[in-house]
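**Q** Add chain S to chain G, keeping to what the hints say.
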Amino acid sequence: MLWRKKTTTPTNSLGTAPPSGPGPARFLDPEVLARIGSLELLARAVVEGFMSGLHRSPFTGFSTEFTEYRQYNPGDDLRYLDWRLLARTDRYFIKKYRADTNTQCHLLIDTSASMRYSQDGRISKLTYAKFLTASLAYLLNRQQDAVGLVAFDQHVHTHVPARSRTGHMRTIFGHLSILEAGGETRLAESLHELADILTRRGMVVLISDFYDQAERLQSAFQHLRFRGHDVMAFQVLDKNEIDFDFKDPILLLEDAETNEQMPVLPDVVMNGYRARLREHLDEMRRCAAANRVDYELITTDQPLDYALFSFLSRRVGK
Amino acid sequence: MWFLSPLFWLGITAVAAPILVHLVRRTRARKIEFPALTFVRQVPQRTIRRRTFRNLLLLMLRCLALLLIVIAFTRPFFSRRSSAQANNAAGATVVLIDSSLSMRREQMFANAVQRAGSIIDEAPAGERLAVLTFGNRYELINRFTNDKARLRSILKGLSPGWEGTDYEQALRGAESLLGELKGESRKRVILISDFQASGWNQANASYKLSSDIQLQTFDVGGSNPPPNVAVTNVDAHGVVFGQKYTENLSVQLSNFSDTPRDRLAVDFQINDQTVEKREVNLNARETKVVEFTGFNLTEGANRCVIEVMSGDFAPDNKFYFTIRREAPAKALIVESAARGRSDSFYLQSALNLTDAMPYNFTVKTAGAVDPAGVSDNALVILNDSGPLSPALAENLKRFVENGGQLIISAGPHTDANSFNQSLRDVSPATLTESVQNKASESVAITDIRFDHPIFEVFRDSGRLAAARVFGFVRSQPQPNASVLARYEDGSAALIEGNAGKGRVLLFTSSLGPSWNDLPLTPIYLPLVHQMIRYVGRREAGSWYALGQSFRVAKEPKADAPAVDAPDGARLTDNRLTADGDVLVTGRQPGFYRLRYAERPDFAAVDLNTTEGDFTKLDFGAFINGVTGGAGKAEGREATRNFSNEEIESRQKVWWPLLFLALLILLTESLLAQRIKMAKLVN
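Protein sequences appear in the order of chains G and S.
In case it helps, this note's numbering puts the first sequence at residues 204 to 521.
In case it helps, this note's numbering puts the second sequence at residues 1073 to 1754.
Bound-form chain G, shown alone (with noise of 0.2 angstroms):
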């Protein structure tokens, strides 16, 4: 498995793997696709470049799509016992085909002014999060998963209910394409409102950087979870705000939502702030473990294929 292999490779100091691979071609920077104009164009590029990098699908069901054969053992359904071949050779195979699905999966993404942050004029954390829903609707659509997209900031302003066509994706694209930071965040109320919209039990992908306290965030989860969904979040940040490593003696950082000033000193503050980070974290990962959420931590200048193979791998024992 490719994205086993990630596992093996260094760690930053919150312990999230820093994006590598096989090589340069492989992964796309988040930064040379901010180029591409067209979400359309950037997912498929990133799908497209994500699927023919595989050397074979992992979505192998019974579907009516043949894709092969196996030996016959006792207790196999007979229902897939290919008959022609047992009369032609004599020999008990069985047809194996392409899974088929209809699993409606909505893409949840936080637009609240927080998401603004980016350092240095790169990619912010709301685009990085345009790029990977629009990804992963393009994913989804080419499995003929219904998709659809939710945005919110303290409360939903964008829904676009789940389609599986292939124009609906025209649909997310342009949704996603005028949505801007603003906003407060108030993550928990916004997924508790979510969970009362969307009634089909389904996969809800949720890409927000939770700054929201970890017990608020439980109840929205076990609410999800009630409702049957099957719950993944991204946690999408900018290294920066891992790291908290600016080159300036003092900064006078203003809060993205309250607009509120302070002075601060980095070399002083970041050990600082980093512990506080990491408790944060901490407590995220056990609210999503202790919810059966999926939880990954990805940072803006990560690859998206990065996200797609963490979301795939995720998916795959469902």
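Derived by calculation from the structure, the hints in this document are not laboratory data.
Just so it is clear, CB atoms sit at the ideal spot from N, CA and C, and this is done for glycine as well.
Please note that a few of the clues may not be correct.
[As the list claims (entries may be wrong)] Restraint-style ranges between C-beta atoms, simulated for each label pair:
1. S:Leu1092 / G:Arg373: 54 to 64 angstroms
2. S:Ile1091 / G:Ser422: 50 to 60 angstroms
3. G:Arg495 / S:Pro1116: 48 to 58 angstroms
4. S:Pro1116 / G:Ser422: 27 to 37 angstroms
5. G:Asp323 / S:Leu1738: 31 to 41 angstroms
6. S:Leu1095 / G:Asp323: 24 to 34 angstroms
7. G:Gly431 / S:Pro1116: 36 to 46 angstroms
8. S:Thr1739 / G:Asp323: 48 to 58 angstroms
9. S:Pro1116 / G:Gln416: 16 to 26 angstroms
10. G:Asp323 / S:Pro1116: 26 to 36 angstroms
11. S:Phe1731 / G:Gln416: 58 to 68 angstroms
12. G:Ser422 / S:Leu1095: 44 to 54 angstroms
**A** Structure of chain S alone, referenced to chain G:
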């Protein structure tokens, strides 16, 4: 606290640098929108405050170190003039400001005036103040007054003079001025000077300040006198009678410092043209004589300058003098009509030996002299002439009274009665009797006034006493006559007298070999020359010392000429003599132009040569000498107020300041290093 170099206070602006850096860096804190301020807020702000405090501490240390360095460069010192200031009781103070030549060095006089201004400003209210300047003599600038503003304005007009220094005269003047006051409880003399050793002669010091006068001194001369080379004297004939100067012109150069001076160029100029250059090496404290000779002179007054190119104190590097080239005058030698070799043979030989004599001599017997023609001569020598005709005697009398010069010598042909009868109106003595001894009973000329110009050149030779005199006439000098030499029996040998405007010398023995062996001795020629030169008055000096008065003769048919000072200013306050001549006192070094109608003449005035020696006074000896000992029981008090430079160099406050600044910088460095290390650890 005072500061020796207050201009360095401008460096205080450097203190603003760390403050500006601090402020600029502070205001340039980059504003960043940050999403996770929640976690930043949870970090204890105490750390930040401590850092801010440390930064402020660093800033203060840097500013303090810079401030200390700036103060150190201003060279601060603590004034010890408390004794003057502590005595706040009003009294009378005489401020003595040295205005001698040596105060022309650098800003010395300006410093002295500034110091005087400070003293006036700091004087207690009601203090009566007087100001005197002094060089060789003192000058009262302002009598006692309480008007400080007036005194300050007067100080602005003061300038240094050209004279030498005489502290005794200055203190006498101050004491005399204080003596005019009655009932003053406190009397004080403040002496501001560079305190040259040449200004006070310890060996001859007998003057002491009155015991009720307090002496305070301010030295503005610094502790290290600069090196100086000066032309201290020129020995030259002021009048010559030939085109070429045949004798040696002696120039005296002195090195007043303790370091040798090599390859000093000495330039000799006549009428602004360099005629000769020499190079001289002078050892420490050495005086050397350089001689010039054989140079040509134009007719009339020649302005001569000797200049040493030493590059130090300029005023004493030049020495001015004049050499006047004149035509020789006519002179008459009258002798007796005796047979044989002329008695004037030796005299004539001695006088014609050199071209430098101011006269052309003619020898005639008494009978051959035209009485009316006597007045055509400038000098007449009656060389044992014997009896004179009444007409000749009468003409001689008029000749002398009108300013003619007369030398009379006795001899075998001199008859006392006839002499007394003919020359009683002009002779400085009446003759009494002739004395003729054997050769073995000769007498010597022993009692000689060596201070007289005729004999001063024989002061060290002693040969005059070796001459043997066999015959002479005893005489009775006139009351207004002076005896310049006597024989060993007490009889007068050489008598000087005046008659009218003329001068008469009477030698009671012969100028030939008949009554003595003088003509056979080496002393004869110089003695005769000295007598001729002296009586002829044609040997003028080549320069005058500063402060010396000189006579400017009026023109025959006009008034006295106008006189211009060396700086070009016309002198108007000249004194006139009874004869209508002008008496001029030299107050500036250089050439005084005497504006005669026919041709201009010059008189050279030179500085006091000891003034170029800047060696410091033995201060303890001086104070003891003029006060009888500082702090003695009788209440005399003398405090030396050092110059600012001396006080500063003794205190050296800048040392501990710099050391403290260094310590502060070290502390700052350690603190900064510690903060940096803490950053790295973080």
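**Q** State for each hint whether it applies.
**A** Hints, one by one, checked against the model:
{"no.": "1", "hint": "S:Leu1092 / G:Arg373: 54 to 64 angstroms", "verdict": "holds, 59 angstroms"}
{"no.": "2", "hint": "S:Ile1091 / G:Ser422: 50 to 60 angstroms", "verdict": "holds, 55 angstroms"}
{"no.": "3", "hint": "G:Arg495 / S:Pro1116: 48 to 58 angstroms", "verdict": "violated, 37 angstroms"}
{"no.": "4", "hint": "S:Pro1116 / G:Ser422: 27 to 37 angstroms", "verdict": "holds, 31 angstroms"}
{"no.": "5", "hint": "G:Asp323 / S:Leu1738: 31 to 41 angstroms", "verdict": "holds, 39 angstroms"}
{"no.": "6", "hint": "S:Leu1095 / G:Asp323: 24 to 34 angstroms", "verdict": "holds, 27 angstroms"}
{"no.": "7", "hint": "G:Gly431 / S:Pro1116: 36 to 46 angstroms", "verdict": "holds, 45 angstroms"}
{"no.": "8", "hint": "S:Thr1739 / G:Asp323: 48 to 58 angstroms", "verdict": "violated, 38 angstroms"}
{"no.": "9", "hint": "S:Pro1116 / G:Gln416: 16 to 26 angstroms", "verdict": "holds, 21 angstroms"}
{"no.": "10", "hint": "G:Asp323 / S:Pro1116: 26 to 36 angstroms", "verdict": "holds, 28 angstroms"}
{"no.": "11", "hint": "S:Phe1731 / G:Gln416: 58 to 68 angstroms", "verdict": "holds, 60 angstroms"}
{"no.": "12", "hint": "G:Ser422 / S:Leu1095: 44 to 54 angstroms", "verdict": "holds, 50 angstroms"}
Against the hints set out earlier in the document, violations occur for numbers 3 and 8.
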